[in-house]
Amino acid sequence: MKVSVSRRAHFNAAHRLNNPNWSSEKNDEIFGKCNLPNYHGHNYVLISTVLGSIDPDTGYVMDMKVLNDIINEEVVDRFDHKNLNLDTAEFKNLNPTAENIAVVIWDLLRKRINTDFKLKVTLYETERNFVEYEG
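So the sequence shown is numbered by the working numbering: it starts at 1167 and just counts up by one.
Certain hints may be false.
Unchecked claim - Dumping the calculated DSS-like pairs for lysine-lysine here, alpha-carbon to alpha-carbon at most 25 Å: (1) Lys1258 <-> Lys1199; (2) Lys1258 <-> Lys1248; (3) Lys1168 <-> Lys1277; (4) Lys1168 <-> Lys1199; (5) Lys1258 <-> Lys1192; (6) Lys1258 <-> Lys1277.
As the list claims (entries may be wrong) - Restraint-style ranges between C-beta atoms, simulated for each label pair: (7) Lys1192 <-> Lys1168: 44 to 54 Å; (8) Val1169 <-> Asn1204: 43 to 53 Å; (9) Asp1229 <-> Pro1203: 39 to 49 Å; (10) Asp1223 <-> Arg1294: 35 to 45 Å.
I should point out that these hints are in silico values taken from the structure, not numbers from a laboratory. Backbone N, C-alpha and C fix where the C-beta goes; we use that ideal spot for every residue, glycine too.
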């Protein structure tokens, strides 16, 4: 029997969507307001879901305190109140779209969560816009 457990977290970060290989006009056309030269911010909501078997001794799929600590160490401490383009190694050469941010977060969490578990990341950039990534 497989059960999913999820933990919600949030972080605030600024970013600018920009392709350095394109002209300013093309970046404006494709990314619009998200390409403003002085950046813009979001209040991101992250839902990390772990799917696995219930441990017969603990009754847990995964200890939620452990999952919370991993999320804080790998994601919140790294990205909260940062300019993703300027302050993080992960996005120095990677356009920080919601899709790319979700993949980076999944990779960071995956290295800390037992591979016996399936991992899914859901990242809300706004209340209406979100992406999901399962590896």
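Please write out, lowest number first, the hints stated earlier that are contradicted by the structure.
-> 4
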